[in-house]
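Q: Here the structure of chain G is known, so what remains is to put chains E, U and C in place on it, guided by the hints.
Listed below, chain by chain, are the residues.
There are 4 protein chains.
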Amino acid sequence: MKTQEGIEKAAENLKSNGIDGLIAIGGDGTFRGASKLYRVSGIPIVGIPATIDNDVAGTDTTIGFDTAVNTAIMAIDRIRDTATSHERVFVVEVMGRRRGFLALEVGLAEGAEVILVPEIRFRVEDICKKLKRARREGKTSEIIVMAEGAGDSRDLVHQIERGTGLEVRLTVLGHIQRGGSPTAVSRILACKFGSRAVEMLLEGVKKRMVGIRGRRIVSVDLDYAWREQKELDLRLYRLAEILSA
Amino acid sequence: MKTQEGIEKAAENLKSNGIDGLIAIGGDGTFRGASKLYRVSGIPIVGIPATIDNDVAGTDTTIGFDTAVNTAIMAIDRIRDTATSHERVFVVEVMGRRRGFLALEVGLAEGAEVILVPEIRFRVEDICKKLKRARREGKTSEIIVMAEGAGDSRDLVHQIERGTGLEVRLTVLGHIQRGGSPTAVSRILACKFGSRAVEMLLEGVKKRMVGIRGRRIVSVDLDYAWREQKELDLRLYRLAEILSA
Amino acid sequence: MKTQEGIEKAAENLKSNGIDGLIAIGGDGTFRGASKLYRVSGIPIVGIPATIDNDVAGTDTTIGFDTAVNTAIMAIDRIRDTATSHERVFVVEVMGRRRGFLALEVGLAEGAEVILVPEIRFRVEDICKKLKRARREGKTSEIIVMAEGAGDSRDLVHQIERGTGLEVRLTVLGHIQRGGSPTAVSRILACKFGSRAVEMLLEGVKKRMVGIRGRRIVSVDLDYAWREQKELDLRLYRLAEILSA
Amino acid sequence: MKTQEGIEKAAENLKSNGIDGLIAIGGDGTFRGASKLYRVSGIPIVGIPATIDNDVAGTDTTIGFDTAVNTAIMAIDRIRDTATSHERVFVVEVMGRRRGFLALEVGLAEGAEVILVPEIRFRVEDICKKLKRARREGKTSEIIVMAEGAGDSRDLVHQIERGTGLEVRLTVLGHIQRGGSPTAVSRILACKFGSRAVEMLLEGVKKRMVGIRGRRIVSVDLDYAWREQKELDLRLYRLAEILSA
Numbered sequence: 000m001k002t003q004e005g006i007e008k009a010a011e012n013l014k015s016n017g018i019d020g021l022i023a024i025g026g027d028g029t030f031r032g033a034s035k036l037y038r039v040s041g042i043p044i045v046g047i048p049a050t051i052d053n054d055v056a057g058t059d060t061t062i063g064f065d066t067a068v069n070t071a072i073m074a075i076d077r078i079r080d081t082a083t084s085h086e087r088v089f090v091v092e093v094m095g096r097r098r099g100f101l102a103l104e105v106g107l108a109e110g111a112e113v114i115l116v117p118e119i120r121f122r123v124e125d126i127c128k129k130l131k132r133a134r135r136e137g138k139t140s141e142i143i144v145m146a147e148g149a150g151d152s153r154d155l156v157h158q159i160e161r162g163t164g165l166e167v168r169l170t171v172l173g174h175i176q177r178g179g180s181p182t183a184v185s186r187i188l189a190c191k192f193g194s195r196a197v198e199m200l201l202e203g204v205k206k207r208m209v210g211i212r213g214r215r216i217v218s219v220d221l222d223y224a225w226r227e228q229k230e231l232d233l234r235l236y237r238l239a240e241i242l243s244a
Numbered sequence: 000m001k002t003q004e005g006i007e008k009a010a011e012n013l014k015s016n017g018i019d020g021l022i023a024i025g026g027d028g029t030f031r032g033a034s035k036l037y038r039v040s041g042i043p044i045v046g047i048p049a050t051i052d053n054d055v056a057g058t059d060t061t062i063g064f065d066t067a068v069n070t071a072i073m074a075i076d077r078i079r080d081t082a083t084s085h086e087r088v089f090v091v092e093v094m095g096r097r098r099g100f101l102a103l104e105v106g107l108a109e110g111a112e113v114i115l116v117p118e119i120r121f122r123v124e125d126i127c128k129k130l131k132r133a134r135r136e137g138k139t140s141e142i143i144v145m146a147e148g149a150g151d152s153r154d155l156v157h158q159i160e161r162g163t164g165l166e167v168r169l170t171v172l173g174h175i176q177r178g179g180s181p182t183a184v185s186r187i188l189a190c191k192f193g194s195r196a197v198e199m200l201l202e203g204v205k206k207r208m209v210g211i212r213g214r215r216i217v218s219v220d221l222d223y224a225w226r227e228q229k230e231l232d233l234r235l236y237r238l239a240e241i242l243s244a
Numbered sequence: 000m001k002t003q004e005g006i007e008k009a010a011e012n013l014k015s016n017g018i019d020g021l022i023a024i025g026g027d028g029t030f031r032g033a034s035k036l037y038r039v040s041g042i043p044i045v046g047i048p049a050t051i052d053n054d055v056a057g058t059d060t061t062i063g064f065d066t067a068v069n070t071a072i073m074a075i076d077r078i079r080d081t082a083t084s085h086e087r088v089f090v091v092e093v094m095g096r097r098r099g100f101l102a103l104e105v106g107l108a109e110g111a112e113v114i115l116v117p118e119i120r121f122r123v124e125d126i127c128k129k130l131k132r133a134r135r136e137g138k139t140s141e142i143i144v145m146a147e148g149a150g151d152s153r154d155l156v157h158q159i160e161r162g163t164g165l166e167v168r169l170t171v172l173g174h175i176q177r178g179g180s181p182t183a184v185s186r187i188l189a190c191k192f193g194s195r196a197v198e199m200l201l202e203g204v205k206k207r208m209v210g211i212r213g214r215r216i217v218s219v220d221l222d223y224a225w226r227e228q229k230e231l232d233l234r235l236y237r238l239a240e241i242l243s244a
Numbered sequence: 000m001k002t003q004e005g006i007e008k009a010a011e012n013l014k015s016n017g018i019d020g021l022i023a024i025g026g027d028g029t030f031r032g033a034s035k036l037y038r039v040s041g042i043p044i045v046g047i048p049a050t051i052d053n054d055v056a057g058t059d060t061t062i063g064f065d066t067a068v069n070t071a072i073m074a075i076d077r078i079r080d081t082a083t084s085h086e087r088v089f090v091v092e093v094m095g096r097r098r099g100f101l102a103l104e105v106g107l108a109e110g111a112e113v114i115l116v117p118e119i120r121f122r123v124e125d126i127c128k129k130l131k132r133a134r135r136e137g138k139t140s141e142i143i144v145m146a147e148g149a150g151d152s153r154d155l156v157h158q159i160e161r162g163t164g165l166e167v168r169l170t171v172l173g174h175i176q177r178g179g180s181p182t183a184v185s186r187i188l189a190c191k192f193g194s195r196a197v198e199m200l201l202e203g204v205k206k207r208m209v210g211i212r213g214r215r216i217v218s219v220d221l222d223y224a225w226r227e228q229k230e231l232d233l234r235l236y237r238l239a240e241i242l243s244a
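Protein chains in written order, with numbering that gives the first Met the number 0: chain G, 0 to 244; chain E, 0 to 244; chain U, 0 to 244; chain C, 0 to 244.
What the hints contain is simulated information worked out from the structure, not anything from laboratory work. Careful, some of the hints might be misleading.
Partial pick of chain G residues on the chain C-facing surface, computed with a CB cut under 7 Å [what the hints assert, rightly or not]: (1) Ala74; (2) Arg77; (3) Asp80; (4) Thr81; (5) Ser84; (6) Arg168; (7) Val171.
Restraint-style ranges between C-beta atoms, simulated for each label pair [unchecked claim]: (8) Tyr223(C) - Arg214(U): 17 to 25 Å; (9) Asn16(E) - Lys138(G): 24 to 32 Å; (10) Leu242(U) - Glu166(G): 32 to 40 Å; (11) Arg234(U) - Phe121(E): 46 to 54 Å.
Computed from a predicted model, the values in this text were never measured in an experiment. Glycine included, every Cβ here is placed at the ideal spot set by N, Cα and C.
Looking at chain G on its own, in the form it has when it is part of the complex (with noise of 0.2 Å):
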């Protein structure tokens, strides 16, 4: 699918195989690739939208994300299990290598002292202040939660040391974002992606991507969809930051 040829014989393929409709879940690469095969096929294409990065636009959320989100925060919880007794500070990094979502709500949801996302410039000197701030006033353990994209984590771990003195310890979480059992948010999604995408077909629509706007189920173009750039929610941004202060 990632190159013109390979659109070519994918659309070949589903006109020998007589397939009049297609449901393509993923991402912003997968929408790519539909809305190419779509115009050389012709074959009406439904787009779900199901990634843990959440970066999609015209849909406030995907399928996998509250699954990715409650996957890095059971995980942290065990870091706060014993954090206050060890005085550190945790640096953990979470998946999104160009976007905050995860992150984000990661954050918000741990009550992270600090939040580092790829959308909003930090220096680190602010972020040693803060957390020297933090234990003057009384904490004795921070964690700060870091998407992948917002910066080397190591790298991190080591101006922190040098910029305030505490010890630091790092957790990668990598890959263990992807998997898991969904949970309750991810599945009812996709119970209603899915059967609003097959209505979507028999009534003929083209070229779409259903989405969800606050409780409503929508559609937009497929082009909407990975062309545009969601914004990053910067009230819950301002939220996380008012309640670990």
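A: For chains E, U and C alone, coordinates are given in the frame of chain G:
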């Protein structure tokens, strides 16, 4: 808080301690009491809906509800693990004395063949018919999710065994559903509700409850929350029926 | 495998497929059948004990037992989370129709105030006395772990409510205990048993079961495994009584 | 407790508070300190081994070890969930600065293709050979479990990528392994150790550590516990190699 005398004493205590605003966290019982307390004391009160039953009007969901749904599905997943090799029907009783919000979401997320809620009448013979048809069509096990208020689960087990000749096993989740570490959805909702509740007190609100509608944090009169009956989402119920057919 | 005819057919199938050794994984029923199959077919058989009930003689423990114990305690932990604020007695029925191995380890690990197993007679009035004394001494909630073979859990709930005036709630774990991902103990035991079973077949053993005694992998005659009655560890039972007093 | 002065002060505090017996819970550092405290104060001390590292001589296992092993495997299971579709090598760093007990049990339980522990030298080119052979033989993903003391995990990732051309991803579990609710094995061990430690103090023991050997609760001199080097079970290591081949 259950007697007029108790409420008057509570009002006195609040005043003598110089309390000039109250945040009441709980379900309809809590809000009924809080409303009386406001009338007696005049102290501004903001309610935060937090109950695993989700039976509070004026808000789509409550703190704790998503946690309880996930606790139940993680438990029922374990039944699914061995269900097909056991060739049995499993009845799982979940909480919900008067309302079926929990049973409905759990049943949908679990792909339960039958979901029984207090709001919708059912006949055991219809359930038996559905189960027998499922066996004829090749299913080797079925799960029935039942709100405790929908009937007597143990009687249902016996009636289905008599009506179908199938082996039926019972699980009663009980208070397992009230515990556990909160999910991301419950935590983030708590962050939003808590923050907004404080703002509302500062803004001079007298007797309201915070809630969520879609993605928006809203508020309703505190009395609305417990006087109004929140409707079960029948579209979800039908979706569950379609997907488990 | 339950009729002589079935066993003869199984023996034939094995021979006609050129099978010259068998590893039978299961509990006493499996080994009873395997033993007959050996006598009819002469094909060497090594049994591997794998049952959540742990009721197999000749081995300290079985594959799956530790998994089931952990599943039960993770569930009951959630009851403990809110138990003290509810001021109730919780009866939790765990698996074990004839034996109390599971109930005993779960009860000990959970610090249950009362553990009921089929091997030890009890009088409801003694339980009621213990519960009433616990309340006088300041406990605000109690957990009773009961093997399903120790009596009718729902009757017990009613009898305790009548005998103490306390509110009693029931949880029936049921088949939840049969599923889930295996624990480290169960997995490593499976590695050791499986490896040793293969070696034994290669060494020319005819009809044995592998087992574990302390840290040593041992073997016993296959018939011993299901004919002998494994004893419940009464020291564990007394330890549980002491620790929950 | 780290200076002679500190220990003398601790001894004084114990005496002035009328403490005539001490139970010290921890690992080798705790027991080293406890031993000095005994020599200075003469107060009888019984040690209880509780460390996730399991690096205490005189006992097969320690409180917390089984919990940490299970935490690690539940996390790595989530990597396995999507590993085959990603066609990658996953390096998972687990705790163990000086010893490989945790890495070994985790690796065996997880079926890891490679297990790296501080006690056994390895060459990166041998790992690369093994991985390339695995791919030729049809494996689509491999997991390497590495104790933190076995080398630099990030360097290993780069070396394997260069040596094999395969994509390699890193997870560093870190302090996640120190938290969480204890498993049944850890809880029951705590019951047995705690009960025996109290008995030993009552029996007039002066300076011992409780331990477990097979199924028997034993005791050793407290100094033995931290002076002796416990051996890694090389048979387990070979078993892991055989099963993952």
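Q: None of the hints should be skipped; say for each whether it holds.
A: Hint check results:
For Ala74(G), the interface hint holds, since its Cβ comes within 7 Å of a Cβ in chain C; the closest pair sits about 5 Å apart. Taking 7 Å as the C-beta cut-off, the interface hint given for Arg77(G) holds, the closest approach to chain C being about 3 Å. Nearest Cβ of chain C to the Cβ of Asp80(G): about 3 Å, under the 7 Å cut. The hint holds. The beta carbon of Thr81(G) is positioned within 7 Å of a beta carbon in chain C (closest approach about 4 Å), and the interface hint is therefore held.
With a cut of 7 Å, the hint placing Ser84(G) at the interface with chain C is violated, because the nearest CB-to-CB distance is about 9 Å. With 7 Å as the threshold, the beta carbon of Arg168(G) comes within range of chain C, its nearest partner Cβ sitting at about 6 Å, so the hint holds. For the restraint placing Val171(G) at the interface with chain C, the shortest Cβ-Cβ distance is roughly 4 Å, inside the 7 Å limit, so the hint holds. Under the hint 17 to 25 Å, the C-beta atoms of Tyr223(C) and Arg214(U), about 19 Å apart, fit the expected range.
Against the hinted window of 24 to 32 Å, the Cβ-Cβ separation of Asn16(E) and Lys138(G) comes to about 29 Å, which satisfies the hint. The supplied range of 32 to 40 Å is met by Leu242(U) and Glu166(G), whose beta-carbon atoms lie about 37 Å from each other. For the pair Arg234(U) and Phe121(E), the supplied restraint of 46 to 54 Å holds, since their beta-carbon distance comes to about 50 Å.
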